[in-house]
Amino acid sequence: MILFLCLTEPFELRASHAQAIGWATVKPFIRYILVPVLFATGGLLARQARAQDIVVGEFASLTGSEATFGVSSSNGVELAKEEINNAGGLLGGRKIKVIMEDDQSRPGQPSAAVKKLVANDKAIAIVGEIASSRSLEAAPICQNAKIPMVSPGSTNPSVTEKGDYIFRVCFIDPFQGTVMAKFALDNLHAKKIAILQDVKSDYSKGLAQFFREYFTSHGGQIVTDLSYTGGGTDKDFRAQLTKIKTGQPDAIFVPGYYTEAGLIAKQARSLGIKVPLLGGDGWDSPKLTEIGGAALDGCYFSTHFSVQDKNAKVQDFVKKYQAKFRAVPDGMAPLGYDAMMILGQAINTASSTDGTKIRDALASVKDYPGVTGNITIDEKRNAKKAAVVLEVKGSKTNFFATVPP
Amino acid sequence: MSSTEFIQQLINGLSLGAFYALIALGYTMVYGVLRFINFAHGDVFMIGAFCGYYLSPRLLPHFTGWLTPLGPVTVLILTMLICALLGITIEKLAYRPLRSRPKLTVLITAIGVSLFLEYGGQFVFGADPKSFPELMPDRALEGTGALTITTTQLAAFIVTVILLVALTLIVKRTRLGMAMRALSNNPTAAALMGINVDTVISFTFGLGSALAGAAGILFALSYPSIDPLMGLLPGIKAFVAAVLGGIGSIPGAAIGGIILGVVETFVGASAFSTYRDAIAFSLLIVILLVRPAGIFGRVQPEKV
Numbered sequence: 002m003i004l005f006l007c008l009t010e011p012f013e014l015r016a017s018h019a020q021a022i023g024w025a026t027v028k029p030f031i032r033y034i035l036v037p038v039l040f041a042t043g044g045l046l047a048r049q050a051r052a053q054d055i056v057v058g059e060f061a062s063l064t065g066s067e068a069t070f071g072v073s074s075s076n077g078v079e080l081a082k083e084e085i086n087n088a089g090g091l092l093g094g095r096k097i098k099v100i101m102e103d104d105q106s107r108p109g110q111p112s113a114a115v116k117k118l119v120a121n122d123k124a125i126a127i128v129g130e131i132a133s134s135r136s137l138e139a140a141p142i143c144q145n146a147k148i149p150m151v152s153p154g155s156t157n158p159s160v161t162e163k164g165d166y167i168f169r170v171c172f173i174d175p176f177q178g179t180v181m182a183k184f185a186l187d188n189l190h191a192k193k194i195a196i197l198q199d200v201k202s203d204y205s206k207g208l209a210q211f212f213r214e215y216f217t218s219h220g221g222q223i224v225t226d227l228s229y230t231g232g233g234t235d236k237d238f239r240a241q242l243t244k245i246k247t248g249q250p251d252a253i254f255v256p257g258y259y260t261e262a263g264l265i266a267k268q269a270r271s272l273g274i275k276v277p278l279l280g281g282d283g284w285d286s287p288k289l290t291e292i293g294g295a296a297l298d299g300c301y302f303s304t305h306f307s308v309q310d311k312n313a314k315v316q317d318f319v320k321k322y323q324a325k326f327r328a329v330p331d332g333m334a335p336l337g338y339d340a341m342m343i344l345g346q347a348i349n350t351a352s353s354t355d356g357t358k359i360r361d362a363l364a365s366v367k368d369y370p371g372v373t374g375n376i377t378i379d380e381k382r383n384a385k386k387a388a389v390v391l392e393v394k395g396s397k398t399n400f401f402a403t404v405p406p
Numbered sequence: 029m030s031s032t033e034f035i036q037q038l039i040n041g042l043s044l045g046a047f048y049a050l051i052a053l054g055y056t057m058v059y060g061v062l063r064f065i066n067f068a069h070g071d072v073f074m075i076g077a078f079c080g081y082y083l084s085p086r087l088l089p090h091f092t093g094w095l096t097p098l099g100p101v102t103v104l105i106l107t108m109l110i111c112a113l114l115g116i117t118i119e120k121l122a123y124r125p126l127r128s129r130p131k132l133t134v135l136i137t138a139i140g141v142s143l144f145l146e147y148g149g150q151f152v153f154g155a156d157p158k159s160f161p162e163l164m165p166d167r168a169l170e171g172t173g174a175l176t177i178t179t180t181q182l183a184a185f186i187v188t189v190i191l192l193v194a195l196t197l198i199v200k201r202t203r204l205g206m207a208m209r210a211l212s213n214n215p216t217a218a219a220l221m222g223i224n225v226d227t228v229i230s231f232t233f234g235l236g237s238a239l240a241g242a243a244g245i246l247f248a249l250s251y252p253s254i255d256p257l258m259g260l261l262p263g264i265k266a267f268v269a270a271v272l273g274g275i276g277s278i279p280g281a282a283i284g285g286i287i288l289g290v291v292e293t294f295v296g297a298s299a300f301s302t303y304r305d306a307i308a309f310s311l312l313i314v315i316l317l318v319r320p321a322g323i324f325g326r327v328q329p330e331k332v
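Line order of the protein sequences matches chains L and C. Basically this note's numbering = 1-based index in the first sequence + 1. Basically this note's numbering = 1-based index in the second sequence + 28.
Derived by calculation from the structure, the hints in this document are not laboratory data. Just so you know, these numbers come straight off a predicted model, no measurement behind them. For glycine and all other residues, C-beta sits at the position ideal for the given N, C-alpha and C. It cannot be assumed that every hint is accurate.
Cβ pair distances, simulated, as ranges [stated by the list, open to error]:
| # | chain 1 | residue 1 | chain 2 | residue 2 | range |
| --- | --- | --- | --- | --- | --- |
| 1 | C | A306 | L | G220 | 54 to 64 Å |
| 2 | L | A120 | C | L169 | 52 to 62 Å |
| 3 | L | K147 | C | L261 | 36 to 46 Å |
| 4 | C | P85 | L | K325 | 25 to 35 Å |
| 5 | L | D368 | C | P165 | 31 to 41 Å |
| 6 | C | L113 | L | A328 | 51 to 61 Å |
The calculated DSSO-like cross-link candidates involving lysine-lysine, where the alpha carbons are at most 27 Å apart (straight line), are [unchecked claim]:
| # | chain 1 | residue 1 | chain 2 | residue 2 |
| --- | --- | --- | --- | --- |
| 7 | L | K320 | L | K206 |
| 8 | L | K394 | C | K158 |
| 9 | L | K147 | L | K117 |
| 10 | L | K385 | L | K358 |
| 11 | L | K275 | L | K314 |
| 12 | L | K275 | C | K158 |
| 13 | L | K98 | L | K394 |
| 14 | L | K275 | L | K321 |
| 15 | L | K325 | C | K200 |
| 16 | L | K358 | L | K117 |
| 17 | L | K206 | C | K158 |
| 18 | L | K397 | C | K200 |
| 19 | L | K98 | L | K116 |
| 20 | L | K183 | L | K311 |
| 21 | L | K314 | L | K394 |
If we strip away everything but chain L, and leave its shape as in the complex, we get:
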């Protein structure tokens, strides 16, 4: 009411005492005092209205070159949120509200998104991202704000090294790289490997490095090591592949993301390269075979989960996911689900929405039975879990082996 009077008053002043107090003196008053006051009041009211909800921020690549990662993981988060809310919410009946930001798979966007989530939306915790480069961008912001961040699927070790508020529910690349190197040695009996890595991605570079370390120290040889620029930039890999062909490798390790992996497979086959291509969880997307088609037959990649896993927990998740989203979940969906579930559990354990208390609760998670395996957060805030190796055949992925940590 008072605000209203203030608003109308200047106009009266202007009419009656036009000479004494001019419009010019009143205008700054409106601009610098009234408008901010109005905005602040509005903001306070808006925040009060949702004070009951527990706000969790999420940033993901819903669009752009890694769009299926963001869509799948946020579907997983959505499913977990619904389950928690339907079961009565957290902290005695408070519902979770997830505020979602799309980072368009582009560098620069995650920091803007997370700053907004922390400052404007007052998120008490952040879930995201799959791509390590983008998690690395957001991690320092969460760390400085003392807001816990849980990454569903960033496997590069440096992500959680950004600070003690940064967690993940997936395994890390020193393990994943070893899994594929071991697989190449033991299952494919490969002696010579060529690597084609994405220089733009911390994930790809890390995975290549750990693969190389294990492979060369166990009698293997890296015959060619070339790179490309990912994120939809490079589309022609024939130059690198022609070079790789001359080294006559037994297999090619392509630790990149699915868009490029599909194209690389296609161009490799058209150049007459017949050896299998190997990849990591960056391949885990239905778009992989859509782009690569039959060129990917007989290729393998490591990931977090297989829909063919007979485990009741997995099958239950697959059923619920299919009922809600009418799609078969890929590896990123259950990771999003597990990330949200663990966060929910941590909020309950902390019985508070205070960042530091949630952090402590997250750090003490032990043997949580997740869809992607039993999750124990170690002292470096990583999850120790088994990896699965999938084989691509006829535009489908088949479960091939489980590799324990």
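Here the structure of chain L is known, so what remains is to put chain C in place on it, guided by the hints.
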């Protein structure tokens, strides 16, 4: 590097360069006539790829039996028509009202149109990469020994050559082509001689955009993952190719594109694959230092 590998890399480079050449032609023609860089050109290329994406599933099933090879050709021609119309519309709406303004104004507008097409495309088509349908079987040709040339590479190369020859004939042998050259030489004098400047400029934009559309289809055929920002990098590279060949020169654009493609391929296969674009572009700087107007360009003395 063995000779087989060398020739194989040359083939790879040529097929990549053919795309740059095809896009560069559009830049060079518009520049030749209007003395301005149409930065939205790379995005017309993107629209071309999406035309193919949406037209193919609707058109191809109608071509069965002996008509099958005509399917992709129809898609290509329709796409070129749509892109030509788009190019003419862009010129009419965005550039024509500004023709008498400083060149910088038009240049900024072109960037605006480019961003409009990119983000409009994200809105309409969605931002996630789509897989482009197979218009023709993609397999290696027989009888080439250790070398591999795929059917799509060959098709892209043949179409590029056909379009290049057709374009040269249009510019050199038709009345409209003559009008284009006249306009390029001296716009005021051309207008005084009774040439309808608006028609010629529309035609130039139509022709350039049709070539970009064709390039979009051929590119998507070879690299079947398309997204609304796909025109950005090929657009920039084709622009560089046009400058390298001598902007305004049609054979220059073709040669510039081929050189860029080949250089990129050889650097990509070397130990410096990480610095592929940086090295390729440094080489271009060196060429431009030696020949500032580009390979086929002529230095035009400024009349004071």
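Hints, verified against the model:
no. : hint                        : result
1   : C:A306 - L:G220: 54 to 64 Å : 36 Å, violated
2   : L:A120 - C:L169: 52 to 62 Å : 59 Å, holds
3   : L:K147 - C:L261: 36 to 46 Å : 40 Å, holds
4   : C:P85 - L:K325: 25 to 35 Å  : 28 Å, holds
5   : L:D368 - C:P165: 31 to 41 Å : 53 Å, violated
6   : C:L113 - L:A328: 51 to 61 Å : 37 Å, violated
7   : L:K320 - L:K206             : 35 Å, violated
8   : L:K394 - C:K158             : 21 Å, holds
9   : L:K147 - L:K117             : 15 Å, holds
10  : L:K385 - L:K358             : 23 Å, holds
11  : L:K275 - L:K314             : 38 Å, violated
12  : L:K275 - C:K158             : 26 Å, holds
13  : L:K98 - L:K394              : 40 Å, violated
14  : L:K275 - L:K321             : 39 Å, violated
15  : L:K325 - C:K200             : 62 Å, violated
16  : L:K358 - L:K117             : 22 Å, holds
17  : L:K206 - C:K158             : 26 Å, holds
18  : L:K397 - C:K200             : 54 Å, violated
19  : L:K98 - L:K116              : 18 Å, holds
20  : L:K183 - L:K311             : 25 Å, holds
21  : L:K314 - L:K394             : 25 Å, holds
When the structure is compared with the earlier hints, violations turn up for hints 1, 5, 6, 7, 11, 13, 14, 15 and 18 and for no others.
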